[in-house]
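Protein chains: 2
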Amino acid sequence: MVREVTAECLCIGDELLIGQTINSNAAWMGQELGLEGIRPVLARVVGDSEERIMEALATVQADIVLITGGLGPTKDDITKHTLCKFFHTELVRNAEVEERVVGLWTRMGRGADQVKDADRTQAMLPAGCTVLPNLLGTASGMWFEKDGRVYVSMPGVPYEMQGLMRHEVLPRLRARFQPPVIIHRTVNTTGMGETMLAERLEHWENDLGGRGIHLAYLPSPGQVKLRLSKYAGEDRKKAEAVIAEEAEKLYGLIPELIFSEGGQQLEDVVGQGLKELGQTLALAESCTGGYLSHLVTSVPGSSAYYIGGVVSYANAVKMEELGIPSDMLELNGAVSGPVAERMAEGVKKALKSDWAIATTGIAGPGGGTPEKPVGTVWIAVAGPDGVKASKGVFMGTRDLVIRRAAVAALNMLRRRIQKVPAIGKADK
Amino acid sequence: MVREVTAECLCIGDELLIGQTINSNAAWMGQELGLEGIRPVLARVVGDSEERIMEALATVQADIVLITGGLGPTKDDITKHTLCKFFHTELVRNAEVEERVVGLWTRMGRGADQVKDADRTQAMLPAGCTVLPNLLGTASGMWFEKDGRVYVSMPGVPYEMQGLMRHEVLPRLRARFQPPVIIHRTVNTTGMGETMLAERLEHWENDLGGRGIHLAYLPSPGQVKLRLSKYAGEDRKKAEAVIAEEAEKLYGLIPELIFSEGGQQLEDVVGQGLKELGQTLALAESCTGGYLSHLVTSVPGSSAYYIGGVVSYANAVKMEELGIPSDMLELNGAVSGPVAERMAEGVKKALKSDWAIATTGIAGPGGGTPEKPVGTVWIAVAGPDGVKASKGVFMGTRDLVIRRAAVAALNMLRRRIQKVPAIGKADK
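As you go down the protein sequences, you meet chains G and A in turn.
Sequential numbering of the first sequence, starting at 4, is according to the numbering used here.
Sequential numbering of the second sequence, starting at 4, is according to the numbering used here.
The hints are simulated quantities; they were obtained by calculation from the structure and are not laboratory data.
A couple of the hints might just be wrong.
Any copy will do: because identical chains look the same in the list, a pair fits if it lies in one copy or spans two.
Heads up, simulated DSBU-like pairs for lysine-lysine below, C-alpha to C-alpha not over 35 Å straight-line [said to hold, decoys possible]:
1) Lys391 / Lys352
2) Lys278 / Lys352
3) Lys228 / Lys88
4) Lys88 / Lys233
5) Lys355 / Lys391
6) Lys391 / Lys228
7) Lys240 / Lys422
8) Lys240 / Lys391
9) Lys233 / Lys252
Chain G with its partners taken away, still in its complex shape (with noise of 0.2 Å):
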């Protein structure tokens, strides 16, 4: 068997452990560390003391200690400092990072005799680490190695971090430990929640484990991914096939619930499939205020499909950029099928776009009714062949109401873009 390579998450701070702040930087790390074959064993969260740091780096018995938090350059940031203590070194001037937290701050529109020596101190790193370059930021990642480990400093704000891992970490970490490779493979699934997704393949994943596959669900609002991993073994291929036997299985078992695999988001796939019908969008959102137009654009390149939409909250804003007749939002009320597709038609012939979605519902926590309760949207897709709209009852807070909203929104374009059946249909 081959050799197991363990890691331990060290994060720091103080607003971690008062609770101002949860730790999911080491949820990601843990994720990553996974994906890369390396098993995390522990994670810790100390606060900005230099003799808990200390004692916990003293205590590590991993293979990898990845150290998160305490690299900025105010007074209670003590992390390098500790650093230097722990591996008996001292800190010296590095004339690159000097130049480019210089560089970084120059871009902003500062002259270099400005830039404050605060940020300078974030070119003071200890002697005989390597420097692992940080784009999104003034603070370095640092990588020491003592008695076999591997000790890696990285600032505590998660896209930094993240960046860090992914283009210096994660890298150097396959190089130093060649960790045993893992095969995965993750399919994205929309429209069913984790415990029926459970039932319905409950068959097909009790013969997985007999195959070597470790099957996890990871819910986020409104999806579910599905990943597949396997320990690839002396033959990559194989379990590669191995792999792609079982997830074709998966696709046969419930093929209206998939709509990508890997990172690829749900607002990703729509993009690709206007891109390549060479169709364009437009939404008028209500209840989800805003937040599916932030979906579509948070896509790079999101303006060759995306032409605009109207968030309208009053319902004056309906009736006079939509052209919402009166009499049906006091027929229909503001919530319903017709206003919904009204409004999906309005701004498709306002921005003369192919595609137009449109939502209307009550996010809670307030005006709810018996009939129509909290959670109740009604979502709206307007398109060239024609309009129609469906409800849903979406459960949780205000913020989670609008975000299962806004992916049933966008999961509704994408099933008539790919004209994909409706759910259900494929269920025998």
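Given chain G, put chain A in place with the hints provided.
Using the frame of chain G, we list chain A on its own:
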């Protein structure tokens, strides 16, 4: 000086280590402990492994250990057995708990004879521990004492753990340790990065230690929270007065940067300001793509002041919906002050609002030029007192540029509503 009472959180579960679940329990417990004056000094996550759990229990240094997870009835839940091993005791049937677990199932519509063996195992609890009744589930809480330390084991399901903490654990900890009270006050700022802020506050910060106050900088995109903490000691009122005095100095130093305290977000402040004035808001977004509208509508009850908005991604939308002359777009380019101002005025007029914000910029990663690099965003605010645009250059990924620009835009509106002097005015 009062003796500090310390606590450690020990969270058990493979799903936490591999990042399938983010560990929100530790943050929640840390927050509650802090409010009780108990200092969280360490949070650990270990997997479902007897060896790892034993090792963690054996190395506890704090006065209190709050253990979560691993109390379910399935095979991979081993916490109870491991606790028996650690405390040299054994599982015994607890008739009271058995009755409650059976009662729970019965209320769910099953007969007592149908209650599964697996659930009856939930009534098997370590001899010698104090059983803490869990009214929300089948896994009881357990309270152990050994060598002056308290060990509490609770289920990992957040609401069950929270119920046990509130009704059983925290009152018992209070009675057992009579911890010192800590006073916290968090002041929220925007408009200046952590580094410059620290420099500006340097003299004030240097004096805080002497007054027994700890200051923490808590940055997030576009914002920095400043948290002041102090032990109340014998005289809670006096400690609160000391904190209040320093907070007042802080307000004097950076009046134009502070927008709220505690959990009140920028969008809450803006909403409250508009409500008080009885005025309304409309938005015209280009580069922020709906995110600004999403922030505004994330506030429950925002329909009282938010009329709606336009997301103008294509130039045609800018021209038609917002009445931007095409020669203005050609002359200045879409990313310019005049266009931002016309967008704001256009949407204000079209939606008949008192205030309007417009954004136009380059969120990236493509589309930048040497003159207008990625991150360049023009923001305009139109109001009863006229329209004014200003330019920002925001760093980071597409997502960060969008988030930072949205925060800056909300803050521009806040300053206009509150008639706060522009940034820098209060500087010296």
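Quick rundown of the hints versus the structure:
Taking the shortest alpha-carbon separations for Lys391 and Lys352, both the intra-copy value of 16 Å and the inter-copy value of 32 Å come in at or below 35 Å. Taking the closest pair of Cα atoms, Lys278 and Lys352 come within 35 Å of each other both inside a single copy (20 Å) and across two copies (34 Å). In the homo-oligomer, the alpha carbons of Lys228 and Lys88 lie at most 35 Å apart only across protomers (30 Å), although the nearest pairing inside one protomer, at 44 Å, exceeds that limit. In this assembly of identical chains, the alpha carbons of Lys88 and Lys233 lie at most 35 Å apart only when taken from different copies (28 Å versus 40 Å within one copy).
Proximity of Lys355 and Lys391 under a CA criterion of 35 Å is satisfied in both settings, with 18 Å inside one chain copy and 31 Å between copies. Taking the shortest Cα distances, Lys391 and Lys228 sit within 35 Å of each other inside one copy (28 Å), while across copies they are farther apart (46 Å). In this assembly of identical chains, the alpha carbons of Lys240 and Lys422 lie at most 35 Å apart only when taken from the same copy (33 Å versus 67 Å across copies). For the homomeric pair Lys240 and Lys391, neither the shortest alpha-carbon distance inside one copy (45 Å) nor that between copies (62 Å) is at most 35 Å.
In this homomeric assembly, Lys233 and Lys252 come within 35 Å of each other (Cα to Cα) only inside a single copy, at 16 Å, whereas the closest approach across copies is 59 Å.
In this structure, the one hint that does not hold is number 8.
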